[in-house]
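Enquirer: Using the hints, position chain X against chain V.
Chains V and X supply the protein sequences, listed in that same order. Numbering-wise (this note's numbering), the first sequence opens with residue 1 and increments by one. Numbering-wise (this note's numbering), the second sequence opens with residue 366 and increments by one.
Hints should not be assumed to be uniformly reliable.
[Said to hold, decoys possible] Cβ pair distances, simulated, as ranges:
{"#": "1", "chain 1": "V", "residue 1": "333", "chain 2": "X", "residue 2": "439", "range": "50 to 56 angstroms"}
{"#": "2", "chain 1": "V", "residue 1": "150", "chain 2": "X", "residue 2": "647", "range": "31 to 37 angstroms"}
{"#": "3", "chain 1": "V", "residue 1": "344", "chain 2": "X", "residue 2": "710", "range": "41 to 47 angstroms"}
{"#": "4", "chain 1": "V", "residue 1": "351", "chain 2": "X", "residue 2": "594", "range": "25 to 31 angstroms"}
{"#": "5", "chain 1": "V", "residue 1": "333", "chain 2": "X", "residue 2": "472", "range": "38 to 44 angstroms"}
{"#": "6", "chain 1": "V", "residue 1": "7", "chain 2": "X", "residue 2": "472", "range": "42 to 48 angstroms"}
{"#": "7", "chain 1": "V", "residue 1": "345", "chain 2": "X", "residue 2": "472", "range": "31 to 37 angstroms"}
{"#": "8", "chain 1": "V", "residue 1": "282", "chain 2": "X", "residue 2": "471", "range": "43 to 49 angstroms"}
{"#": "9", "chain 1": "X", "residue 1": "725", "chain 2": "V", "residue 2": "6", "range": "42 to 48 angstroms"}
Hints listed in this document are in silico derivations from the structure and should not be mistaken for laboratory results. The structure displayed is predicted, hence computed values, not measured ones. Each residue gets a CB set at the ideal place from its N, CA and C atoms; glycine is no exception.
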Amino acid sequence: MNTSLPRWVDLGLIPALNLTLAFLVAGLVVVFIGENPVQALRFLVVGSLGSSYGIGFTLFYATTFVFTGLSVAIAFHAGLFNIGGEGQAALGGIGATLVCLAVPWPHWTLALPFALLGAGLFGAAWAFLPGYLQAKRGSHVVITTIMFNFIASALVVYLLVNVMKVPGSMSPETRNFAPGTHLPFMHEMLGAIGITVAKTPMNLSALLALLAAFLTWVLIWRTRLGYEMRAFGFSEPAAVYAGIDPVKITVIAMVLSGAMAGMMALNVVMGFQHRLVLDYVGGAGFVGIAVSLMGRSHPLGVVLAAILFGILYQGGAELAFEMPNISREMIVVIQALVILFTGALENLVRIPMQRLFARSRTRAA
Amino acid sequence: MPPQPGSPAGGAAFAPLAIELSGISKSFGAVQANRDIHLAVRRGTIHGIVGENGAGKSTLMSILYGFYEADAGEIRINGRATPIRDSQAAIAAGIGMVHQHFMLVEPFTVLENVILGAENGPLLRPSLARARTELTRLAKEYELQVDPDAVVGELSVGFQQRVEILKALYRECDILILDEPTGVLTPAEADHLFRILEHLKSEGKTILLITHKLREIMAATDEVSVMRRGEMVRTLTTAETSPAELAELMVGRRVLLRVEKTPATPGPVLLETRDLSLTDAKGVERLRAVSLEVRAGEILGIAGVAGNGQSELLEVLAGIAPATSGEVRLKGEPLDISRTTNADDRRRRGIAHVPEDRHRRGLVMPYQTWENTSFGYHDLPKFCAHLGLMKGDAMREDARGKIERFDIRPPDPNLKAANFSGGNQQKIVLAREIECGPDVLLIGQPTRGVDIGAIEFIHRQIVALRDAGKAIILVSVELDEIQALSDRIVVMFDGRVSGTRQAADTDERELGLLMAGIEPDKGAAA
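The following block holds chain V by itself, in its conformation from the complex (with noise of 0.2 angstroms):
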């Protein structure tokens, strides 16, 4: 085929080159700012990247945004734009709450199994609907999964303030679980090891993370199911044909979908906040659709895009803070512009590199 691209190019070239196009967009409006665009770089990278403090807070926002992109990329697959991350992340939450509250739990290794059910099954009910719904009715999942996230926030909420709550309270927010359920933190798993790193947030979900996504690559690339998600997400015609299900498949993808959003709780509930907090999700949820945009929903792809966002969030966390002109939604709008020109303007670079690899072929041969 003429239009196709070496794949070190297809993965690894433009998406860097997109990557340099958002920085550079993004250093005019740090100049507009009034502020060194050079010195806002260095201040974002060395904020995430410079300390072990950074890297761990850094890697500890990627472990989260790989779970929510996976979530995207599985749908993806199928043919399913599920932008309800948000809220099945947020019902997640509530089932690792659950889990965490009612027994008191021993030690960690026995709550995390139930955890991760717990987690799964609440985010994967809340995609369920959806998932159903258009398979049966015809909804729009793009339509209905955004809604869901509005349900789902006002059902926290609701939760939260009427029934989980510490009595007496003031703060939407769970009782502390007990210490039988907290996940080890990466900073005590390697002191135990005699390696010293700064205390931050990560803990063992970062590994659950990188295990979860090579389940998923086996899951697309190397199983049946993976393998009819994949025709009906190419051609829902040729899936009828070959006697797949469509009502089946699409529910299937929606709800492995939505369990994988419903993970990321691990990571932040029962990781790190050790309770259930209002608002606990905070856009990690959409996040993860930029993420399995720029990963091309690849698993490994995503990994990658999803420790660059852990680089945007805490590095610019930092950069609002040494440069107080630029404020934290000029963060947002660094990170809107990757998203752009990675995801949205993509065939910016795709296409004139297609010449060029097109030109040069036509030489050679």
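Expert: Chain X in isolation, oriented as in the chain V frame:
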């Protein structure tokens, strides 16, 4: 000295040229679609262009109509060098085009479609009035009657095509390009189209007819140019050539235009339908009490103009469309025809299906060959291990065997389906559906968009399957193909079976009448 490519083989060399292409080249990436093309078309003639799929006919016409710009070469229209950068320039130069897939806005009326893009002013009313008078004139002049106020989506394809021609004439074109114009027409509609073209020719218009049907070239054109692999091979005077010669020029070797087969020896009935009816979601009756049967060792051809229920019949039999009433029996056992998700059940019972639309149904285009060669059979233990893990190695090995036995080119199991030519894509589907060892093979449009070389191969495979004692139901809009392959022919019209004939006892005229819903005997009496 052999005649220059592009100039007619003999005579009339001094007639004025409407189109003169010299040295046209165009490549897409590494693919050279047109290589140094020379073509001369005399004014007031019908000039055919034939070639296999991928020979570069469509690219050449797209260059002439301004969809693509040539990398090199010159276009002269009526003797004047005319650079054509876009369709606007082509229209300004007097070129009109009727595409294979019509470019019409279906909810618009005929008038609205005709003035679209040729409005003279911001208000519609004066344009519409002007177009109405103009259409009346054109209708009289060229036998192009169409109701100007009809909604285009409600017209039959034959009439929609007339709207396309009217659109071009309304823009005062002198040169009309028609791309595969008869693919969707009944024989009668096609005849009418050729009468219109004769009219246009007698008025001095120049017509470029692109087709792969050699019969039409022989019947309608004055001159014919043959393209092969991006190059212009020869231009011949139609009266001095033959279909066999054209086919040989197209393929580059001798081809058999006929299918060699022995008389059928039908066995017991394998698949039968009784009063099969289907009313779709819009309330249109697609199938009306269709009853037919197919025996072991028999090819049952289903003829008909596209859209008369053949597709729906095939889909019901294949378990992907639900019937409203009636029954289907396989070896006497009733099949479930109530759901759209019975395809896996059909496969288990030994009904294989080569769908009409291999791009949307038969293949997953972004899938690699090894993923496509077991598509639908991926549940079988030989492809799928415990825990639902796919056996990639077994699938690749299986694909290699199919590629070899069906001569799929290029022989690369890791190439995506989208990167194969039409013929090789079809071979992938056929290899999969034949090698699963079915009792009944449903096959729709087996050679649509397939080059002549591959057609021969595909036809031989179908006949071989019949000779192995399998039952085959063949749906095709190519009457030639139905006649060449079938042992028995069922003709469908408006969702009904309008006639059943032994292939040996019927002819094209009789089938053509049945395809138009006319009982031949009654037609003769009336």
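Enquirer: Taking the hints in turn, state whether each one holds.
Expert: Structure-based check of each hint:
Evaluation of the 50 to 56 angstroms hint for residue 333 of chain V and residue 439 of chain X yields a pass: the beta carbon distance comes to about 52 angstroms. The hint said 31 to 37 angstroms for the Cβ distance between residue 150 of chain V and residue 647 of chain X, and at roughly 36 angstroms that hint holds. The hint said 41 to 47 angstroms for the Cβ distance between residue 344 of chain V and residue 710 of chain X, and at roughly 43 angstroms that hint holds. Checking the proposed 25 to 31 angstroms range against residue 351 of chain V and residue 594 of chain X shows it holds: the Cβ atoms sit about 28 angstroms from each other.
Between residue 333 of chain V and residue 472 of chain X the CB atoms are about 43 angstroms apart, so this pair conforms to the stated range of 38 to 44 angstroms. The hinted range of 42 to 48 angstroms is satisfied by residue 7 of chain V and residue 472 of chain X, whose Cβ atoms lie roughly 45 angstroms apart. Checked against the hint of 31 to 37 angstroms, the C-beta distance between residue 345 of chain V and residue 472 of chain X comes to roughly 34 angstroms, which is consistent with it. Checking the proposed 43 to 49 angstroms range against residue 282 of chain V and residue 471 of chain X shows it holds: the Cβ atoms sit about 48 angstroms from each other.
Remark: the range hint 42 to 48 angstroms for residue 725 of chain X to residue 6 of chain V is contradicted by a beta-carbon distance near 30 angstroms.
The structure is inconsistent with hint 9 alone, although it conforms to all the rest.
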